[in-house]
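A.B. asks: Each chain, letter by letter, is given below.
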Amino acid sequence: MRRSAAHIVHEVDRHAPRMVLGLRPDPSALLSGLKDVRMDTLKKLSYHSILSAGQFDRETLLGIYKLSCLLQLGHLRIRDSLYDKILATAFFEPSTRTRLSFESAMMALGGKTLSVTEAATTGIAKGESILDIGQMFNSYAHAVVVRHTRQEALAELSTYLRIPLINGGNGSDEHPTQAIADWYAILKWRPDLLDEGMPEKKRIHLGIVGTPARMRTIKSFLLLSLLFDRSISRITIISEMADPLGAEMPDYCRQSRIPVDIASDLEVVLPELDVIYMNSIAYLGDGYRTLESRFRINAQSSLRPGSVVLHPLARKEELSVELDTSSHNLYFNQADGAVFIRKALLLTIFDKIPLPVLS
Amino acid sequence: MRRSAAHIVHEVDRHAPRMVLGLRPDPSALLSGLKDVRMDTLKKLSYHSILSAGQFDRETLLGIYKLSCLLQLGHLRIRDSLYDKILATAFFEPSTRTRLSFESAMMALGGKTLSVTEAATTGIAKGESILDIGQMFNSYAHAVVVRHTRQEALAELSTYLRIPLINGGNGSDEHPTQAIADWYAILKWRPDLLDEGMPEKKRIHLGIVGTPARMRTIKSFLLLSLLFDRSISRITIISEMADPLGAEMPDYCRQSRIPVDIASDLEVVLPELDVIYMNSIAYLGDGYRTLESRFRINAQSSLRPGSVVLHPLARKEELSVELDTSSHNLYFNQADGAVFIRKALLLTIFDKIPLPVLS
Amino acid sequence: MRRSAAHIVHEVDRHAPRMVLGLRPDPSALLSGLKDVRMDTLKKLSYHSILSAGQFDRETLLGIYKLSCLLQLGHLRIRDSLYDKILATAFFEPSTRTRLSFESAMMALGGKTLSVTEAATTGIAKGESILDIGQMFNSYAHAVVVRHTRQEALAELSTYLRIPLINGGNGSDEHPTQAIADWYAILKWRPDLLDEGMPEKKRIHLGIVGTPARMRTIKSFLLLSLLFDRSISRITIISEMADPLGAEMPDYCRQSRIPVDIASDLEVVLPELDVIYMNSIAYLGDGYRTLESRFRINAQSSLRPGSVVLHPLARKEELSVELDTSSHNLYFNQADGAVFIRKALLLTIFDKIPLPVLS
Numbered sequence: 001m002r003r004s005a006a007h008i009v010h011e012v013d014r015h016a017p018r019m020v021l022g023l024r025p026d027p028s029a030l031l032s033g034l035k036d037v038r039m040d041t042l043k044k045l046s047y048h049s050i051l052s053a054g055q056f057d058r059e060t061l062l063g064i065y066k067l068s069c070l071l072q073l074g075h076l077r078i079r080d081s082l083y084d085k086i087l088a089t090a091f092f093e094p095s096t097r098t099r100l101s102f103e104s105a106m107m108a109l110g111g112k113t114l115s116v117t118e119a120a121t122t123g124i125a126k127g128e129s130i131l132d133i134g135q136m137f138n139s140y141a142h143a144v145v146v147r148h149t150r151q152e153a154l155a156e157l158s159t160y161l162r163i164p165l166i167n168g169g170n171g172s173d174e175h176p177t178q179a180i181a182d183w184y185a186i187l188k189w190r191p192d193l194l195d196e197g198m199p200e201k202k203r204i205h206l207g208i209v210g211t212p213a214r215m216r217t218i219k220s221f222l223l224l225s226l227l228f229d230r231s232i233s234r235i236t237i238i239s240e241m242a243d244p245l246g247a248e249m250p251d252y253c254r255q256s257r258i259p260v261d262i263a264s265d266l267e268v269v270l271p272e273l274d275v276i277y278m279n280s281i282a283y284l285g286d287g288y289r290t291l292e293s294r295f296r297i298n299a300q301s302s303l304r305p306g307s308v309v310l311h312p313l314a315r316k317e318e319l320s321v322e323l324d325t326s327s328h329n330l331y332f333n334q335a336d337g338a339v340f341i342r343k344a345l346l347l348t349i350f351d352k353i354p355l356p357v358l359s
Numbered sequence: 001m002r003r004s005a006a007h008i009v010h011e012v013d014r015h016a017p018r019m020v021l022g023l024r025p026d027p028s029a030l031l032s033g034l035k036d037v038r039m040d041t042l043k044k045l046s047y048h049s050i051l052s053a054g055q056f057d058r059e060t061l062l063g064i065y066k067l068s069c070l071l072q073l074g075h076l077r078i079r080d081s082l083y084d085k086i087l088a089t090a091f092f093e094p095s096t097r098t099r100l101s102f103e104s105a106m107m108a109l110g111g112k113t114l115s116v117t118e119a120a121t122t123g124i125a126k127g128e129s130i131l132d133i134g135q136m137f138n139s140y141a142h143a144v145v146v147r148h149t150r151q152e153a154l155a156e157l158s159t160y161l162r163i164p165l166i167n168g169g170n171g172s173d174e175h176p177t178q179a180i181a182d183w184y185a186i187l188k189w190r191p192d193l194l195d196e197g198m199p200e201k202k203r204i205h206l207g208i209v210g211t212p213a214r215m216r217t218i219k220s221f222l223l224l225s226l227l228f229d230r231s232i233s234r235i236t237i238i239s240e241m242a243d244p245l246g247a248e249m250p251d252y253c254r255q256s257r258i259p260v261d262i263a264s265d266l267e268v269v270l271p272e273l274d275v276i277y278m279n280s281i282a283y284l285g286d287g288y289r290t291l292e293s294r295f296r297i298n299a300q301s302s303l304r305p306g307s308v309v310l311h312p313l314a315r316k317e318e319l320s321v322e323l324d325t326s327s328h329n330l331y332f333n334q335a336d337g338a339v340f341i342r343k344a345l346l347l348t349i350f351d352k353i354p355l356p357v358l359s
Numbered sequence: 001m002r003r004s005a006a007h008i009v010h011e012v013d014r015h016a017p018r019m020v021l022g023l024r025p026d027p028s029a030l031l032s033g034l035k036d037v038r039m040d041t042l043k044k045l046s047y048h049s050i051l052s053a054g055q056f057d058r059e060t061l062l063g064i065y066k067l068s069c070l071l072q073l074g075h076l077r078i079r080d081s082l083y084d085k086i087l088a089t090a091f092f093e094p095s096t097r098t099r100l101s102f103e104s105a106m107m108a109l110g111g112k113t114l115s116v117t118e119a120a121t122t123g124i125a126k127g128e129s130i131l132d133i134g135q136m137f138n139s140y141a142h143a144v145v146v147r148h149t150r151q152e153a154l155a156e157l158s159t160y161l162r163i164p165l166i167n168g169g170n171g172s173d174e175h176p177t178q179a180i181a182d183w184y185a186i187l188k189w190r191p192d193l194l195d196e197g198m199p200e201k202k203r204i205h206l207g208i209v210g211t212p213a214r215m216r217t218i219k220s221f222l223l224l225s226l227l228f229d230r231s232i233s234r235i236t237i238i239s240e241m242a243d244p245l246g247a248e249m250p251d252y253c254r255q256s257r258i259p260v261d262i263a264s265d266l267e268v269v270l271p272e273l274d275v276i277y278m279n280s281i282a283y284l285g286d287g288y289r290t291l292e293s294r295f296r297i298n299a300q301s302s303l304r305p306g307s308v309v310l311h312p313l314a315r316k317e318e319l320s321v322e323l324d325t326s327s328h329n330l331y332f333n334q335a336d337g338a339v340f341i342r343k344a345l346l347l348t349i350f351d352k353i354p355l356p357v358l359s
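Residue numbers (this note's numbering), protein chains in the order written: chain A, 1 to 359; chain B, 1 to 359; chain C, 1 to 359.
Hints are computed from structural coordinates only; laboratory data are not their basis. Accuracy of the hints is not assured; some may be wrong.
No copy labels: a pair is met if it fits in one copy or bridges any two.
As the list claims (entries may be wrong) - Cut-off 25 Å, straight-line C-alpha distance, at most; resulting in silico cross-link-like pairs (SDA-like, lysine to any residue): (1) Lys352 with Arg79; (2) Lys85 with Pro305; (3) Lys201 with His7; (4) Lys44 with Glu11; (5) Lys44 with Val20; (6) Lys85 with Gly110.
As the structure is a prediction and not an experimental result, all values here were calculated from the model.
Use the sequences and the hints to build the structure in full.
C.D. replies: Structure (structure tokens):
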């Protein structure tokens, strides 16, 4: 029998707080581990663009995390911080999560938002020079978040742009703010990963399902992972592609000294992984492709005890809902934490980090 | 000759206030009739979802109407009431009126809005689990209004959702806030309908054009109508369908003791009706269907003197513009009043009813 | 090699202020020329609609420019002027620039915005009476900006509308706010054009590429141009159409006493023009058409020294990017100035011009 609204009234909003699913690490532990981080390191990002995970050194990234912890713990008065600022969100490639995340973050800081969701379908995309689109945003907003199907669009857009540009995903190149949110989740789960003198056996073995060279979430994530080379014992890329790392990534990996290998069978390597970064599909410029069933995990998968799963969401069959109630579920916390990362980035870009924090 | 902008300049914005069309009952009369209603009855809806018209008992509904009257009369200072709240509007089925109504209401209360209008066409709907969509909204908003083509989507969405959910229309199931707005219009027109001891001859004969079992606006409206069983002499459903009431509604009708009958010819029953609830089309999951011409009314229809017409709008040919200037037109007031109902619901859900009202 | 985000990080946001392209005249010169303009002339537009360029006499237009200069120079405290107002933007024909311009302007004034971008595709346009759409906006907003593919839609929408209506483009009829922004750019560039006793040789020869009768930006622009008949020596319409001016425009031209001629070859007349108003395409009701290559200009075109180019944007090949760095580029300033024009119009319509300005 189909369940009508009248039937579910008594199930929804039960008096007891609804069960929160998955791991929800307290940011206090991470904040404590970041106590020596100097916040003025974030000054360098003032009125700067956020384009690549590669533009973050370890110190700056930890500064963002310290600010994010303070925001998530509710320690800062930021309700009107950006009251006179407008953030434009221009999505030439459909997105809902990234857009809502930035808009929600901006609103919580007292700022205003201009949305261009029809970008892919209206006159603005029908042959109009993307240089002019950049020029246009100068008049209407103080910063702009952009997602585009073509990698080069970011450089083109920035040619005439005079306001900070945040890369919300450029083709298969990068998605830096997603990666920053991903590592935020990992560090809240294991603040001890901040130690730069961890014994080998406590380091984590990171598994990434996908193709870094062709998937922007993974590429950015891997770039940031290389900053924690003292805490990672190994990175295994699980991919069916012939050359998953592409041309640039192997150089980065060699510089970081983290051993990186490639495996084609997830089930075999799964019991060795501490963090499994799942992915479903990628927009590769020529269409979406779903990963094969041998790259899926569920309650029967041989996940190592204490291991955690990340996923940038949206997900499909590759990550079973059976895992939602498990202690492997860090992906919901990963999603929840992203809005604090975005608040931190916006406060930083607009040079509005509250003074008590900076001193 | 085609009328250009230059030609109409002197017609638009004439100095005399533009004629307001249709009946515009003063909310003061209804407010007076509600003076004994205790506003603390609304506390039970604090941080609760609005899913079904069936979740409203008479007392709670009248509490909403009392608050709405106060809002419509401008008696309350609510400009910044929801300044730190974000309402998301997620329309998986196209809507403009309902979305604008909620967004306008939220803005007037100082709140902010996040719009997802592309929901039906973007990745978010391309196979992404609706459970995850619910989880997503937890991070971005404090409440969410949803409209979906599938009835079950409401229950599914609420599974992981931890914020209040307002049903903006779930398939052919319900559209509770519309029904609440509809009865607000009726009670402002006839506050005496609040009397629970009305003589038979003063009670109203209500006509509903459509198919309650398959049209959510009507189903919700009928559910609320049953709360005024002392004031309704009869309900006539005008429908060409074999089983317009469906499976659930007959039981509800029997419990209320209001006689309900079915007629297939509107013209025959029209002179007996005090309230005619018109409808045009319904989105039934498989497409729009327009009602036949024998279910249309215009200036020549044999409307009873003093009777009123309601219509949830948008309308097509079934309700002629000839009636716009008549005293049968309650449908414009019905539409205008809806934004006050939505303000009242938002203040109630967020537990921000101004204190002088509550005491 | 494709340029990735990581590669461009060091190019974007260079420490030196990014070069601002094209002419950026200081509004102070124009403000000085407008010092005798009485601002109370704007009172007549209070709670009035902006439908046609033809509704502006010279005095009122200069009042708008004086207010715009003050806004652009940052002389006014207007951050919360419209804090309790909602502006709806209803685009039945796609637009991004005009919509963002109005929304950005409204936000900068502290106001809120309701966007209907899906208007052309949703139920609202599927046969719903446009009269009812006008009625709907009364409930949700305090003013509405509308763009529609059909010229008559403006008159139809205003039938039941009781709030100010701003024409954002109605078919091929008018686009008044664009024209107001265009002349703002011209007057900032040449404030001496305000003189009503200019010698012939200092007057400007204005070239308009396009078909006034069928392109709304040009029609409105030409209507406003006729107000500066003491400062324009000649208007040349460059068009391949048989009857570019159409039925109405020749009468207007004759009344203004500005000689108007038609040329079919841009290259021949280009060296004589002081202002060249370029256009690319027009939405003509039956589709977009691009102008032929003989109506294009680039760095090799024989532009008169000191002449300037305008373009409502978006542009295509007709206006080469080679000209962006030249001193002929007034089109970026034209675009930038438009948001101040829209702020001025909104403050005027809502009767919120700051008092020190009015006195």
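A.B. asks: At most 25 Å between C-alpha atoms: does Lys44 with Val20 qualify within a copy, between copies, both, or neither?
C.D. replies: between (37 Å within a copy, 23 Å between copies)
A.B. asks: First find the shortest C-alpha distance between Lys44 and Glu11 inside one copy, then the shortest across copies, and answer within, between, both or neither for a cut-off of 25 Å.
C.D. replies: between (50 Å within a copy, 15 Å between copies)
A.B. asks: Between copies, within a copy, both or neither: which fits Lys85 and Gly110 at Cα up to 25 Å?
C.D. replies: both (8 Å within a copy, 11 Å between copies)
A.B. asks: Could you place Lys352 and Arg79 in one of the four classes (within, between, both, neither) given a Cα distance threshold of 25 Å?
C.D. replies: For Lys352 and Arg79, the Cα distance is within 25 Å both inside one copy (12 Å) and across copies (18 Å).
A.B. asks: What label fits Lys201 with His7 when the C-alpha limit is 25 Å: within, between, both, or neither?
C.D. replies: neither (53 Å within a copy, 36 Å between copies)
A.B. asks: For Lys85 vs Pro305, is the C-alpha pair at or below 25 Å within one copy, between two copies, both, or neither?
C.D. replies: neither (46 Å within a copy, 39 Å between copies)
The earlier numbered hints that this structure contradicts are 2, 3.
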